[in-house]
Amino acid sequence: DQQVKQNSPSLSVQEGRISILNCDYTNSMFDYFLWYKKYPAEGPTFLISISSIKDKNEDGRFTVFLNKSAKHLSLHIVPSQPGDSAVYFCAASSEPGAGSYQLTFGKGTKLSVIP
Amino acid sequence: DGGITQSPKYLFRKEGQNVTLSCEQNLNHDAMYWYRQDPGQGLRLIYYSQIVNDFQKGDIAEGYSVSREKKESFPLTVTSAQKNPTAFYLCASSMGTRFYTFGSGTRLTVV
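These protein sequence lines are chains C and U, in that order.
Be aware that the first sequence starts at 1, since it is given in the working numbering, and climbs by one per residue.
Be aware that the second sequence starts at 1001, since it is given in the working numbering, and climbs by one per residue.
These aren't lab readings, by the way, just hints derived from the structure by calculation.
Among the clues, some could well be false.
Unchecked claim - Some, not all, of what chain C presents toward chain U, calculated at C-beta under 8 Å:
no.: 1; residue: Tyr39
no.: 2; residue: Ala41
no.: 3; residue: Gly43
no.: 4; residue: Pro44
no.: 5; residue: Phe46
no.: 6; residue: Ser85
Just so it is clear, CB atoms sit at the ideal spot from N, CA and C, and this is done for glycine as well.
I would like the entire structure built from these sequences, with the hints used as guidance.
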C-alpha cells in the first residue's frame, strides 16, 4: 500500500509559467515532508521541506504548501526554467524522536519545462 | 568537501555472482541507508543503519546483505539470491531525518 502518492507521472510546462507538482499521503503519523529533484543517473538533491506545524514554506522560486486535513502537499515552481526539467520526488517522515529514520518516497513526477 | 561517495558508478555482474557496492560518507552522520530505484517505482528502502554494528531491513531486503563496521562506511552486497538485481542503487546518510544526503548512485547490470 503506497503511503506517499504522486499521481502524475509527468508534467509539461512552458518556460516562465508556474509548475505545480502534487503529492498525497495516507499515514497520519507523517509530519515532516521533503521534495527532492533528480537528474538521470544522479542521486536526488534536496530541494525544500516543510514541517507539519507550517502550511507554507518558501525558498526562492520554490514554495511548498501543506494541507494536513486533506493529507496533501504541493510544490510550486515560479517561474519555471528549462533547468528545472527533472524528476521530482515527494518524501515523508515522522519527526525524529519517534524512532523512525526512514523517508517514504513517492514514485516521482517527471517535469519537462519547454523553452 | 563533505559528502557521500558511491563506487563504482557502473557495475556489471554475471548471473550467480555476488557483488558489493561501496558507500562512504564524511559527513559524520549517524544513519545510513540503501535504496533501489527502478523505472516508475520511485525509491525503495533496502536496508538502513542508525548506529555502528546495527542495521535493519527495509521494504525489499531479500537477496541483499549489509555491514556497518565503521560509521563512515555502509557497503551493500547483492547476492545471487536477488532475482532481479539490475537497478540503480542509491546510498544516503542523515542526521535524523534532517540533512538527508544522497550519493550519486551505482548502476548495476546483470549480464
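Checked hints:
1. Tyr39: 10 Å, violated
2. Ala41: 7 Å, holds
3. Gly43: Since chain U brings a Cβ to about 4 Å from Gly43(C), closer than 8 Å, the hint holds.
4. Pro44: 5 Å, holds
5. Phe46: With a closest approach of 7 Å, the Phe46(C) hint holds.
6. Ser85: Violated - the Cβ of Ser85(C) stays beyond 8 Å from chain U, reaching only about 17 Å at its closest.
When each numbered hint is compared with the structure, violations occur for hints 1, 6.
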